[in-house]
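Visitor: So the protein sequences, as listed, match chains A and B.
Oh and the first sequence: position 97 is 97 in the numbering used here, straight run, nothing missing.
Take the position in the second sequence, starting the count at 1, then add 179; the result is the number in the numbering used here.
Be a bit skeptical, because a hint or two may be false.
Keeping only pairs whose Cα atoms sit at most 27 angstroms apart, straight-line, the calculated DSS-like set for lysine-lysine is [claimed, not checked]:
1. B:Lys400 - A:Lys165
2. B:Lys371 - B:Lys269
3. A:Lys5 - A:Lys69
4. A:Lys69 - B:Lys342
Facing chain A, from chain B, some residues (calculated, C-beta under 7 angstroms) [what the hints assert, rightly or not]:
5. Ser247
6. Glu250
7. Thr251
Okay, the calculated bits of chain B under chain A, using three or more residues with CB under 8 angstroms as the criterion [what the hints assert, rightly or not]:
8. 239-245
9. 326-334
10. 370-380
11. 389-400
The hints are simulated quantities; they were obtained by calculation from the structure and are not laboratory data.
Using N, Cα and C, we set each Cβ at its ideal position, and we do this for glycine too.
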Amino acid sequence: MPKRKLAAFLLLAIANVFAADRQWALKQSTLTYHVSHPLHSTDGVSHAARGKGVCHDGECEFLIAVPVKTFDSGDSNRDLHMIQVTRGAEFPMVTVRTRLPETAAASASVKADLEIQFAGQTAQYKQVPFQLATQGSETRISGTIPATLSDFKIDPPSLLTMPVKNDIPVRVEMTWDPQ
Amino acid sequence: MTLKPKISLGIGILSIFVLAVNPVWGQEGKTTAPAQAPASPPTKPSENLPDAPSSSKTAPSLSDLGFSPEETEANARQQALLDKRTHMLKIHQRMGLITTIPLVATVVTSMNAGGRNTSSASRDLHVALGSVTGDLYGITAYYAIRAPRMQGTETRGQIRLHKTLAWIHGPGMILTPILGAMAFNQKNNGEKVHGIASAHGPVAIVTAGAFGAALLSVSVKF
Chain A
1 MPKRKLAAFL LLAIANVFAA DRQWALKQST LTYHVSHPLH STDGVSHAAR GKGVCHDGEC
61 EFLIAVPVKT FDSGDSNRDL HMIQVTRGAE FPMVTVRTRL PETAAASASV KADLEIQFAG
121 QTAQYKQVPF QLATQGSETR ISGTIPATLS DFKIDPPSLL TMPVKNDIPV RVEMTWDPQ
Chain B
180 MTLKPKISLG IGILSIFVLA VNPVWGQEGK TTAPAQAPAS PPTKPSENLP DAPSSSKTAP
240 SLSDLGFSPE ETEANARQQA LLDKRTHMLK IHQRMGLITT IPLVATVVTS MNAGGRNTSS
300 ASRDLHVALG SVTGDLYGIT AYYAIRAPRM QGTETRGQIR LHKTLAWIHG PGMILTPILG
360 AMAFNQKNNG EKVHGIASAH GPVAIVTAGA FGAALLSVSV KF
């Protein structure tokens, strides 16, 4: 009887191991948007993103979110105007969702389909390339999302009657930890 | 009617026109109505994308990430305040650029307004342009001063220089016409400009320089 109980216990333990979902947590991030104007260019940086990934049956679903007001361009007046034009008080968060195969963590690069919610709009970006680098248990991901103002129906801000460019690429650098 | 009142009348009419086009002044003291509801909910993701995320039970949600309610909840009142602030500062920017034109003209005409061999017509023109500049400057300053402040925001970057320079060209735009009026009277009385009135020129130059620097501080990156 004790052997049967031991065998049953072992079987249950093994079953739990295989049934458990693997999770990822965003440890560190740098998100940088770039805006171009004929007179000068500007970068706004945020380190306040949070993210989580849940893997199940070989596929992982990721959610990354960052508050709009955390982007810092070095000029408080510009940042306030950015929040206003992106309706950041009404829609305070930028969220990014994507799905990747669990085996992607072992690759040097991956192409992801992204769904981004920003300024009250949802935009899809197909096959955005990201580079991966593993250091110990951490996985570093970097890439650039080719976002535009028109994707999110944002009126281009202007300075001296000249509007900024429609392209606002967002550079993404993230460090993920498996849980 | 002499030249100066005609010019002032023209500017008054122009100001009324500007305000009519941008009726913020008429709405001063009122807050714009907050949005009844946020914009329509985001559309569902396309199902044509093979790797597009779906709303599965395992997908993480925003509540899993640990953001506070203040960070995730919509604030329509603050958005309305931001909208009003941006609107007023846009008018401030536009009026500031318009003010530059008579300001430059005033400085240019100052060369014929002083000295020994100057006609009263040259001085009258300089006075009229100075009056126009003062009026437009006042309107420009109004929109900057009355634009809503966002609580909890620290002033950082080149905008600090822009705001600091206002402490130079602001008092200068008050002092310059006062000294100018004194100098004008002395010249009309056949006197040589003397005393504190002789500071009209230097004060005006410093004021114009500070104004130009203020304009550059929000136009170019340095």
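Visitor: I'd like to know which numbered hints this structure contradicts. Please list them from smallest to largest.
Guide: 2, 3, 5, 10
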